[in-house]
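Novice: These are the residues of each chain, in order.
Protein chains: 8
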Amino acid sequence: MNGFDELGFAKIDTQRAERRGFPEAIFCEGKTPEQVAQIVKKMDEGENHILATRASAETFTAVHKLTPAAEYHESARLIVVRKEEIIPDPDRIILVMTAGTSDIPVAEEAAITSELMGHKVERIFDVGVAGIHRLLAQQEKVQAANVLVVCAGMEGALASVVGGLVSKPVIAVPTSVGYGASWNGLAALLGMLNSCAAGVSVVNIDNGFGAGRLAGIINSMR
Amino acid sequence: MNGFDELGFAKIDTQRAERRGFPEAIFCEGKTPEQVAQIVKKMDEGENHILATRASAETFTAVHKLTPAAEYHESARLIVVRKEEIIPDPDRIILVMTAGTSDIPVAEEAAITSELMGHKVERIFDVGVAGIHRLLAQQEKVQAANVLVVCAGMEGALASVVGGLVSKPVIAVPTSVGYGASWNGLAALLGMLNSCAAGVSVVNIDNGFGAGRLAGIINSMR
Amino acid sequence: MNGFDELGFAKIDTQRAERRGFPEAIFCEGKTPEQVAQIVKKMDEGENHILATRASAETFTAVHKLTPAAEYHESARLIVVRKEEIIPDPDRIILVMTAGTSDIPVAEEAAITSELMGHKVERIFDVGVAGIHRLLAQQEKVQAANVLVVCAGMEGALASVVGGLVSKPVIAVPTSVGYGASWNGLAALLGMLNSCAAGVSVVNIDNGFGAGRLAGIINSMR
Amino acid sequence: MNGFDELGFAKIDTQRAERRGFPEAIFCEGKTPEQVAQIVKKMDEGENHILATRASAETFTAVHKLTPAAEYHESARLIVVRKEEIIPDPDRIILVMTAGTSDIPVAEEAAITSELMGHKVERIFDVGVAGIHRLLAQQEKVQAANVLVVCAGMEGALASVVGGLVSKPVIAVPTSVGYGASWNGLAALLGMLNSCAAGVSVVNIDNGFGAGRLAGIINSMR
Amino acid sequence: MNGFDELGFAKIDTQRAERRGFPEAIFCEGKTPEQVAQIVKKMDEGENHILATRASAETFTAVHKLTPAAEYHESARLIVVRKEEIIPDPDRIILVMTAGTSDIPVAEEAAITSELMGHKVERIFDVGVAGIHRLLAQQEKVQAANVLVVCAGMEGALASVVGGLVSKPVIAVPTSVGYGASWNGLAALLGMLNSCAAGVSVVNIDNGFGAGRLAGIINSMR
Amino acid sequence: MNGFDELGFAKIDTQRAERRGFPEAIFCEGKTPEQVAQIVKKMDEGENHILATRASAETFTAVHKLTPAAEYHESARLIVVRKEEIIPDPDRIILVMTAGTSDIPVAEEAAITSELMGHKVERIFDVGVAGIHRLLAQQEKVQAANVLVVCAGMEGALASVVGGLVSKPVIAVPTSVGYGASWNGLAALLGMLNSCAAGVSVVNIDNGFGAGRLAGIINSMR
Amino acid sequence: MNGFDELGFAKIDTQRAERRGFPEAIFCEGKTPEQVAQIVKKMDEGENHILATRASAETFTAVHKLTPAAEYHESARLIVVRKEEIIPDPDRIILVMTAGTSDIPVAEEAAITSELMGHKVERIFDVGVAGIHRLLAQQEKVQAANVLVVCAGMEGALASVVGGLVSKPVIAVPTSVGYGASWNGLAALLGMLNSCAAGVSVVNIDNGFGAGRLAGIINSMR
Amino acid sequence: MNGFDELGFAKIDTQRAERRGFPEAIFCEGKTPEQVAQIVKKMDEGENHILATRASAETFTAVHKLTPAAEYHESARLIVVRKEEIIPDPDRIILVMTAGTSDIPVAEEAAITSELMGHKVERIFDVGVAGIHRLLAQQEKVQAANVLVVCAGMEGALASVVGGLVSKPVIAVPTSVGYGASWNGLAALLGMLNSCAAGVSVVNIDNGFGAGRLAGIINSMR
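Protein chains in written order, with our numbering: chain A, 1 to 222; chain B, 1001 to 1222; chain C, 2001 to 2222; chain D, 3001 to 3222; chain E, 4001 to 4222; chain F, 5001 to 5222; chain G, 6001 to 6222; chain H, 7001 to 7222.
Isolated chain A, as found in the complex (with noise of 0.2 angstroms):
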């Protein structure tokens, strides 16, 4: 009625399936695993898939016990429930991308958020800049992408070099991967700000979601 289910400690947002094309997804940092739980049971009556991002294992486990059909994709951190699919269409691909094997994390929270929503995704790991012809030998695929997510720790350069190199949107997903003066993904977050790339832009540091969300979005539009 009010356009969202009151639970007290929370009210989940029925509207915004309408709305946005997909439902609330559950951000797990500081929410109890029974709250969560709680939250899950609730929208497991909706027609829509579901999503939380950043889930210990111990909230897995508090879900699946009330909500069977969870599956659980540990190192995205990610809990799914899955209802009817949507059939993708496979010429509009949305390429995820790392710098590193560290970042395939957050890459792969992007990439599952994106297949959820009903598109085709490609996967490019471990081509950061300090060896562009790793990157340069993917130019087909680069090319063939109508969206890409660029994810990043350290210096985050890979999004400006793939910036240049497409006509397409570029969605920048700086990680905390690194060390010393990386300070937790600021620096690969101030480069990829201060792209001088076009059609780049950014999202917090390890939002995969985020990222995946919005690439979903745009691979939408016709």
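Be a bit skeptical, because a hint or two may be false.
Unchecked claim - Distance ranges between label pairs, derived from CB positions: (1) Asp5005/F / Ser3167/D: 28 to 36 angstroms; (2) His6073/G / Asp7091/H: 34 to 42 angstroms; (3) His2064/C / Lys3065/D: 27 to 35 angstroms; (4) Lys4141/E / Gln5015/F: 14 to 22 angstroms; (5) Gln6015/G / Glu6/A: 58 to 66 angstroms.
Unchecked claim - Far from chain A by the CB rule (all over 12 angstroms, computed), these chain G residues: (6) Gly6030; (7) Thr6067; (8) Glu6071; (9) His6073; (10) Glu6085; (11) Gly6118; (12) Lys6120; (13) Pro6174; (14) Trp6183.
Unchecked claim - Partial pick of chain B residues on the chain C-facing surface, computed with a CB cut under 10 angstroms: (15) Gly1003; (16) Leu1007; (17) Ala1062; (18) Leu1066; (19) Thr1067; (20) Ala1069; (21) Ala1130; (22) Gly1156; (23) Ala1187.
These are computed hints drawn from the structure, not numbers from a lab. From a predicted model like this one, the values you see are computed outputs, not experimental measurements. Cβ atoms here follow ideal geometry from the backbone N, Cα and C, with glycine treated the same way.
With the hints as your guide, set chains B, C, D, E, F, G and H onto chain A.
Specialist: Leaving out everything else, chains B, C, D, E, F, G and H in the frame of chain A:
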């Protein structure tokens, strides 16, 4: 005599109760459980409620041994020793709000503090600005409040929106909820300080106690 | 041949026009007026619109001498040399919004950039969140937009609120408008990065050009 | 109708006067003198006082041409257009204090704002904590105040000391006065946020207007 | 010979004892317990007191095995090996003060260091500025001191107030006590650096040892 | 009577001269030339030297008109009004050092302050650590000093090296000299705070006055 | 073929060995032990030494199972797989120095890296600037070095002093050793970047590997 | 004798020329034109080239009056006094590169410094990573270089890409070119420090002189 009781490692401010209408609260972090227990025991000789903030379970155990009347609010990490209750004025409501479920512990610290001071408190949780209809559905309660406490992490925008809706004082509490470039509450703090809504002032990150106390002080004015 | 024209102090990227659907723009800060004038003159041999950002009046004078067709948008500090116009699609609207009057120069930089790329642009100015009814009064226009650009300084909260209202991509542009703890746009930048509304991504502080260009790229997808 | 008057570059919030007991103030920075003059002229059709903050002499000249009744407070950089005066309640005093002489312009911005709202204001200047006897000599005035506004730069410690002396709300205004590691008000801001005195809340650096307005709102409660 | 003993992983400065009137202290963090134990054992061949700071219980166990005369001050995390005592001058008092109970471990590090150097030390704990009467009640002791060490976290304002009361040197030690925007001592550090009281200088956050040593050096001057 | 003279915009601390052995200095930034001139004139009725820091030439002109005995030290930006001179003790030398030529204005502010307090001051300029032989050539003077003031920008390392050479107190003054990542004195400030040499304490960036005053206080101890 | 071996989660850069004279090192943080073990095993098919940095004991266990020839340097957290040794040139010495004992792990990371590249390395530990005679006693070794690596935490001043003594390149490695305002290496980093000694350049905080590698590259030039 | 000439306000390091193969350069900021002129005149008695960095036109005028042989490089803000030229080795090339046109002044400071030291320098300007083909077109020159200096502002990514292409040392110079979240070179600095390409080290922001000098030192090794 001097306006304080000397414990060696602490000086309990006996003058403050008259001065501020409320006994000195105990900030537990950095004190040993034994130190807190001694302070509570000494204060318990007086007639005022006692409040210990940021209390661990271990600290509560030590306090409870010496002062069996003590209660523990786990999620808000508060220890309370109640004395004679004040009947609140039902027409002067302090409204405590949160942007998300994860902000509730800080909000409860504020709400319980105000209640101990003898005020009527109402709570509205999980009305962050990304789903503004959830907030607008509560307009009646919002307009009825005499003082408002708004707890929000991430971008902290709820304080600005609420500040623009009411003509009463809004106490904004940034919380350390968030990730990446929220920098443990910095983003919310800066957002709230820069609010262009009149009537908004800010307390320290996660300082529910300070907000609850200030709300009580303002709500007592007539 | 190499995909660029060599001027010694600059390499004009002739390959980018094909690659990105738009010629390389000229960032004037740090270049002498004479350097900018030479670059514009060289680019004027081509068939694409030319755009020079952050241009001072002095730079425009130098450019105008060599390229009389150049126009100057003073508040947006843009120099434009127009070639054959593209007829915009009237059903695909890019909506450029500001929180305050002071954000208009950045918004105009975005709007003019998108218009030059052949898109229809609408503007809504001064709808900051401290008076949310001003925004809600524009709901129809907001819902009709295909891509949204939100320019805001101070706490930057408008991006979150707009992001929660629509199911289209929102490009957030923090501006350096504000004072004190806005730290020249830092507060707005952090607020926007931490937005919990899906579909929001962020460009550099005051980077109207980048936002306008990305809006155009996304609006061209079909 | 919509609750605002549309000027194109600005939306004057006509609903706010009822909503907040005070007309929308104009923040002049980032607006051209002509824009401010237009806004003042439009607002002058109403019945409320008008206040323009951060106004340069040049802006005042433009305003004065269209609205001859406008006055200019140079050190506080305020433009005021007075309408019918409210008789202040002599028993409810807002006390505005400064740590040093250099903080006076910010303090005057606060004091004049409160006075325009119809409150009685007293001033105590130059009572910084490095000479605590200067403050203690004013104890009577300090205790008599209903709401206190404390403006201080450098280490900002005055807010904590005053907060510990009174049982009324203290609004702390960090100022950008200082040098070196004061970082334009950051040191004072952090000092005030970390005040362990109850009843203290903080507004943005140099935000005398916001403090004066909040003081007026609180002082009107009964 | 060279003024140091070579241990391979460390060079013990034997020249410093003459040079500075005190042996080199050992900073334990980053050294293994075994390394510390070896250094203490080597130093024990000399005639000076030995002081090891930031020592864990585990480190003390290793030291005690090789040097049974070693004592451990747990809360101050100091290991001490005492040699022949110096009789302190009873008229030249170093006063060590804290704003709160949580600052005591740092204060003890300072006090014990000064005592080891042969000075008379007095302590006043928990006299933070939010209850200024607690400090003013100690005026006699404060005025009698020859050198003052002030340890405070949060806003660190005690140093300014004390600095304004006395005409002796005040050594300010910011502590990492606090939460939220205290940023692990940054707020206190900035507050102390910006103190407008003359005679105040600052050492590193939590550096009780450095403060105690400097107090001893100054107190030895005649 | 109250220990201060009231000027309305300032309270001149007449109690401080007795309390601190030196009259209150005037910090000119943020005060109008007329305000400074009034304060100097009022103070000139007393018997102590007067010192105004951060004084512009314009301020001096205003002061000189009302107080013809005032002198101006241009590079140190000091205004001085001298009263009866104190004969310095020739055996207790305050040594003021700089790392570079650009640090001299700050050093002169310190040196003149100490001299006004009646101390003998020596100067050694341009002995930064990148040419350590220049410093070592001054060993005799360095060892002869009773108190040392070390002014350095950039990396500020001179304080650590000097601190390791002597057994007397070293007052470190970070200066804003440098560029790039010196961040206006931040690098030097952090370097000095982290000095592992005992006996080093730090004052605010460019605070030559504070250093000179503290040096005088310490040098007066016996 | 493409210049890399594809493992799916990683692309091993086979072209880099030729290109950089050294195989790609493996940065272990953020990779699972199994991923590292797979990468090492794949690289072991080649003829170059293998180096894995920031390796936990758990990671070594996984690597050792698949590649028994692997050795572990615990304090430096390095895993090494040695192939045919290169005989170092005894006249071209890389000198690795530390300011303190706590900097040794980083220094060893640098030293072992250079040794693996076939260079002669000497070590001087614990010669921080607060006891400059310890450094000056090593002048002969310092002057004999061809390339110098200086590891220092806290204020990082050793790099400046060494840079002033020699006419060879100095690679400065800030370490995260320190406390309080060292901010995990920030103070040392800024100090080193601001060094006014010529010939000094800086790598990331704690990046012993990068320093050792660059030292080897420079030492190979002729 | 002491290894320096004493001018009172400066100590000219005569020992450094032998020690470092190059005379002391003069950093002009913070020195008066007259001071610089005196220093240059004194140095002109020797046989080495003289270099004054960050020199204003006004400083050059003062220098030129006393030393007519001085030349001025306006965009690089360098004053040079040439003595006998060294014939460069044509096979050992220092390559100076920039990401954009705005970085050229810093690059020229580096290039001229290296040339004065007797090295052959080549320049490639405006090859930022957002148009990577412009860089790849220069591969031959890049591979031929013996030492590389890379000047870049904004995200500073060029250093990483170049570092990955070559097996020679890369000296990265962050420039203050950029806007918004480039924070005057901070973004580029962090990006370069976090480069995962081996062989890259970093100097201070805009420190073209330091880079040019280090390049010369390395290029002289054999």
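Novice: Now tell me, hint by hint, if it's right for this structure.
Specialist: Hints versus structure:
1. One distance hint, 28 to 36 angstroms for the beta-carbon pair Asp5005/F and Ser3167/D, holds here, with the actual separation near 31 angstroms.
2. Checked against the given bound of 34 to 42 angstroms, the beta carbons of His6073/G and Asp7091/H, roughly 39 angstroms apart, stay inside it.
3. Between His2064/C and Lys3065/D the beta carbon distance is about 32 angstroms. The supplied range of 27 to 35 angstroms therefore holds.
4. At roughly 20 angstroms, the beta-carbon separation of Lys4141/E and Gln5015/F lies within the given 14 to 22 angstroms, and the hint holds.
5. A hinted range of 58 to 66 angstroms for the beta carbons of Gln6015/G and Glu6/A is consistent with their spacing of about 60 angstroms.
6. Interface exclusion of Gly6030/G from chain A breaks down, the closest Cβ pair being 3 angstroms apart, not more than 12 angstroms.
7. Listed as a non-interface residue, Thr6067/G keeps its Cβ farther than 12 angstroms from every Cβ of chain A; the least gap is roughly 18 angstroms.
8. For Glu6071/G, the shortest C-beta to C-beta distance to chain A comes to about 23 angstroms, beyond the 12 angstroms cut-off, and the non-interface label holds.
9. Distance check on His6073/G: its Cβ is at least 18 angstroms (rounded) from any Cβ of chain A, clearing the 12 angstroms threshold; non-interface status holds.
10. Glu6085/G, annotated as away from the interface, keeps every beta carbon of chain A farther than 12 angstroms; the closest lies near 27 angstroms.
11. For Gly6118/G, the requirement that its beta carbon stay farther than 12 angstroms from each beta carbon of chain A is met, with the minimum near 22 angstroms.
12. No Cβ of chain A approaches the Cβ of Lys6120/G within 12 angstroms, the least distance being about 28 angstroms, so the stated non-interface status holds.
13. Look at Pro6174/G: its CB is around 8 angstroms from the nearest CB on chain A, not clear of 12 angstroms, so calling it non-interface is violated.
14. The non-interface label for Trp6183/G is inconsistent with chain A: the shortest C-beta to C-beta separation is roughly 10 angstroms, within 12 angstroms.
15. Among the interface hints, the one on Gly1003/B is violated; its C-beta lies about 36 angstroms from the nearest C-beta in chain C, farther than the 10 angstroms criterion.
16. Of the supplied interface hints, the one on Leu1007/B is violated, with its beta-carbon coming no nearer than about 38 angstroms to a beta-carbon of chain C, more than 10 angstroms.
17. Interface restraint check for Ala1062/B: the shortest CB-CB distance to chain C comes to about 38 angstroms, outside 10 angstroms, so the restraint is violated.
18. Proximity of Leu1066/B to chain C is violated relative to the hint, the smallest CB-CB distance being about 43 angstroms (cut-off 10 angstroms).
19. With a least beta-carbon distance of about 41 angstroms to chain C, the hint placing Thr1067/B at the interface is violated under the 10 angstroms criterion.
20. Given hint, Ala1069/B at the interface with chain C, is violated; its Cβ is 41 angstroms from that chain's nearest Cβ, farther than 10 angstroms.
21. Interface restraint check for Ala1130/B: the shortest CB-CB distance to chain C comes to about 4 angstroms, inside 10 angstroms, so the restraint holds.
22. With 10 angstroms as the threshold, the beta carbon of Gly1156/B comes within range of chain C, its nearest partner Cβ sitting at about 7 angstroms, so the hint holds.
23. The beta carbon of Ala1187/B comes within 4 angstroms of a beta carbon in chain C, closer than 10 angstroms, and the hint placing it at the interface holds.
Hints 6, 13, 14, 15, 16, 17, 18, 19, 20, counting from the list given before, are not met by this structure.
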